[in-house]
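Number of protein chains: 4
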Amino acid sequence: MDLQALLDEIAVAVAPLAARGKVADYIPALAGVAPGRFGMALVTVDGELFGSGELHAAFSLQSVCKAFTLALVLAADGDVLFERVGREPSGNPFNSLVQLEYEHGVPRNPFINAGALVTVDRLLSTTGDAFGALRAFLRAESGSTSIDLDPVVAASEAEHGHRNAALAHFMASYGNLENPVDVVLDHYFRQCAIAMSCAELARAGLFLARHGERADGTALFSRSLAKRLNAILLTCGTYDAAGDFAYRVGLPGKSGVGGGILTVLPGRGCLAVWGPALDKTGNSVAGVEALDLFTTRTGWSIF
Amino acid sequence: MDLQALLDEIAVAVAPLAARGKVADYIPALAGVAPGRFGMALVTVDGELFGSGELHAAFSLQSVCKAFTLALVLAADGDVLFERVGREPSGNPFNSLVQLEYEHGVPRNPFINAGALVTVDRLLSTTGDAFGALRAFLRAESGSTSIDLDPVVAASEAEHGHRNAALAHFMASYGNLENPVDVVLDHYFRQCAIAMSCAELARAGLFLARHGERADGTALFSRSLAKRLNAILLTCGTYDAAGDFAYRVGLPGKSGVGGGILTVLPGRGCLAVWGPALDKTGNSVAGVEALDLFTTRTGWSIF
Amino acid sequence: MDLQALLDEIAVAVAPLAARGKVADYIPALAGVAPGRFGMALVTVDGELFGSGELHAAFSLQSVCKAFTLALVLAADGDVLFERVGREPSGNPFNSLVQLEYEHGVPRNPFINAGALVTVDRLLSTTGDAFGALRAFLRAESGSTSIDLDPVVAASEAEHGHRNAALAHFMASYGNLENPVDVVLDHYFRQCAIAMSCAELARAGLFLARHGERADGTALFSRSLAKRLNAILLTCGTYDAAGDFAYRVGLPGKSGVGGGILTVLPGRGCLAVWGPALDKTGNSVAGVEALDLFTTRTGWSIF
Amino acid sequence: MDLQALLDEIAVAVAPLAARGKVADYIPALAGVAPGRFGMALVTVDGELFGSGELHAAFSLQSVCKAFTLALVLAADGDVLFERVGREPSGNPFNSLVQLEYEHGVPRNPFINAGALVTVDRLLSTTGDAFGALRAFLRAESGSTSIDLDPVVAASEAEHGHRNAALAHFMASYGNLENPVDVVLDHYFRQCAIAMSCAELARAGLFLARHGERADGTALFSRSLAKRLNAILLTCGTYDAAGDFAYRVGLPGKSGVGGGILTVLPGRGCLAVWGPALDKTGNSVAGVEALDLFTTRTGWSIF
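Going line by line, the protein sequences match chains L, P, B and F. Going by this note's numbering, 203 is the number at position 203 of the first sequence; the sequence numbering is gapless. Going by this note's numbering, 243 is the number at position 243 of the second sequence; the sequence numbering is gapless. Going by this note's numbering, 226 is the number at position 226 of the third sequence; the sequence numbering is gapless. Going by this note's numbering, 255 is the number at position 255 of the fourth sequence; the sequence numbering is gapless.
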């Protein structure tokens, strides 16, 4: 299969869609990105890169970073995290708070904001510097030592972070945070503000396609844990559209409101897409369409 | 791999668990099954059968039947059903009714009871006899022409069916049923009361592992639709434990409160297990454990 | 105070409002009423009648009947009903079903539909004919022997009653109905379809203003129970606007989507209003305004 | 009526109940109060005092203070506060957060914690010192110039205030706070920590029984607004037991988890009770019972 040709075709096919949807505007620092932009990068388990569009343009990771944070916590602790956070899809957004209340401060999964805060909290406890640990990992895996946060985005997140502060205090009221609320929030906001390109992101995620094997050949965690993390990505990785994403794309993946989506082709590689205009579930319109076309054409869904 | 030896080992390993959990007692006709029973059957895409325990004992399909009903509707209609029912995991049971209200009578997915009623309703419209169409399909695929409902179970379902009647009337109030409430309920109850063995069930499900190819070599639906149905099974097939099931087992599957679980190994075969004692999410304790052991030992999860 | 002059003034004042709002259209039989109509009747504890507008025009009682049904059950049973139904305001409509589920089939209060169904069910058990008992009581108290149901409305209710059927089956699934679902629904629909005028309604409610004393001088129930029923009317009688109604009007009352509202002036009399155009909480726009003006001018709120 | 004898009888009657229930323990500073204590004070509109038990013992006002804070905001602003907070009963506690989300950050009423935070926020805006304004008002109305906060309780509230912080941040995310979250919380915690006796509390509340007339003879607000505040107290003043409280007691009132309840007998006086052991709705067991006995014996409920 001529992967490069396929990616080029897909870029052409989704171009008319790229400006549909709505760029995230919950913080001013994100609202300024032009909606029509698009990039796509595939890195194989052997490290070969294919791409189309703006594959080297940096964008804000936002929730995509949660896949890596969770990986680092699982690597450090095994699955004891799941005593403090579930691994079930979240149902719909409307219920997030009532579920948190009903389930006594235990978030449904590590990717909804409440669960991500618990995961950051745990990474803080195990490393002392959750943001630093994540940045170091992303640099090491992608081979791009300049990866860093966008300070404007980070400041904007902190300034408009009342809702995450509400979640953090709410979990603290149930005793489900180990570190002070403001410290957890600070690391969380900085993690989300990390900027990377599709090419960097796909490369950084390869350990998920290589059953836990890192760029340096060491094992981040067991083959079994790698599979299990992929299962969480599939069932919980795309907000409240996980069912639709599995149906259309059929790959484990993690999306962010910056418009990026990282997907895993177990044993083959990672495919990252970016298109800042979002559908109403918070996923990139052009990105999901590109992934749908990719798995339809290649047959490489996991199902 | 010596599959027969593996299944035998697994049967031994889960035997101590088989009596844990609680046999479904919402209808008297199910409550009498001995909790310690266990069966397991693997049928490969080539039709070869491996099994352990009571692989030929018939049990009540209950919700397992919903995988087949959905397949028949998708085969008849393509995916227009999804205008009337979603394909997102349901979150938790507590929310089922409020979600139905919040989402104006459109159930979250075809496997929660409300969604299954809509699916049966559609099969009624397309065939005139939803129960008959399902029974005929199961007989044809399994090669067992004696497969039928258990009349005691069917009567018991109807007698204790107030909750499903509530769901059906609720959807009817939103105009989301095409046929009369009592007719839909009757076919639904009879479908759930069909009895099959693990061996029959695994064989009947092979079209899911063969990308839509039926026992007679014809295509039930496209390769793409087969993958998509597997995606729904993975994200929605095990009640509110889909995330946990994906994490532990990593296979598309459909469970029922009769204690059966049908799982799909795409391109390889189907694995059906049965153990009537259920965990609090309504899934077979021994069954899930057996499947977890199987994919851990074989590495054949989809992730 | 010249009560007749006051009622005339109020009728003039609310006339411009009478057509605002929206006539109930959930059943065709109600949708045809002209929105601009208005009537008001005050009957003192001594039986004197004052009125303005169409005080003798009959309208569909709808939920107003629930005040009387509850009174009859309390008279028969004392307050044992409250083992099967609460007496707390319902919060908002969105939650009605989830509350019913969360509280295991025990409705919040006797005036939300679920609670009214339980109350009718109990009246059925104590009298054998819930509809007949209510009609006889209304005739006796009002002195109007021709009061009866509107058969067109009753048939329309039954035909469009899926939502109430859902509630009834749901409670039956929790064992909270003593009689068959269809029998309870039939009596419920017929009770709601009773037609009365403001003058008849105000007179029929006098036992509430006379601390339980009926038209024939006998006691329906104790002074204490009369006060308690008034408390339920105040906190639960106007759908999800009970707080607003208490704030603006300050009287115990029961409204219906036919546009009628019965209010109680303890020790003084009953005031009934009718205006078919409803606000978004299901209460008569002109009716609430007229009651607000009345208590503001007379100072006769209970507070 | 010999009110003093009646209060003495009631104190004897409820003594066996006083230790039932559970002293509030959400903050350590409250958990140490002996459960068996009890006090009751009635002050007539003419200023005459009757009492029994520990009528002069100071206890922590907690939510009782919210009645006064609301009065001060209504006095300053009229009812514009109700653009930012509703006046409907809250339904059940489970729903508080989901309602806040569903209603876009507008709390149901001024007495649930979220609504009280908005009310304190508004008093901060109108006075510059919400705590100081409340303390000055309580001192002036009660004539007890030593009334103040308990610093241990205030510190304990602040230390364990994660849940209120969550609510405040959540409302801030909807733009429904005018002042910084931490400032609002500080004044809120200090207001709740004010300590007063039943005798002081009943006297301080007299403006509610005197239609707005303060201790110095001036009007805090109009007669109409006084009635309307009483309506809110009746429908929303006792947490999620407002319906039950109206049914049993039949008086406007405000309770607190310190065990105090202030009730209003419009035109007659105020009755305050205190018993630290609470029922599961957060209301004083002995207090509610004493009030029930009082209105049953005197017939002085408002209904």
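Calculated from the structure, these hints are not laboratory results. Treat the hints with caution; some may be incorrect.
Distance windows between CB atoms, simulated [stated by the list, open to error]:
| no. | chain 1 | residue 1 | chain 2 | residue 2 | range |
| --- | --- | --- | --- | --- | --- |
| 1 | B | Asp-79 | F | Asp-25 | 31 to 37 Å |
| 2 | L | Thr-218 | P | His-56 | 46 to 52 Å |
| 3 | P | Gly-47 | L | Thr-296 | 46 to 52 Å |
| 4 | L | Arg-297 | P | Asp-77 | 21 to 27 Å |
Since this is a predicted model, take the numbers as computed values, not measurements. Each residue gets a CB set at the ideal place from its N, CA and C atoms; glycine is no exception.
Going down the list of hints, with the structure as the test:
1. At about 32 Å, the beta-carbon gap between Asp-79(B) and Asp-25(F) stays in the expected band of 31 to 37 Å.
2. In this structure the supplied range 46 to 52 Å holds for Thr-218(L) paired with His-56(P), their Cβ-Cβ distance being about 48 Å.
3. Checking the proposed 46 to 52 Å range against Gly-47(P) and Thr-296(L) shows it is violated: the Cβ atoms sit about 29 Å from each other.
4. About 25 Å separates the C-beta atoms of Arg-297(L) and Asp-77(P), a value consistent with the hinted range of 21 to 27 Å.
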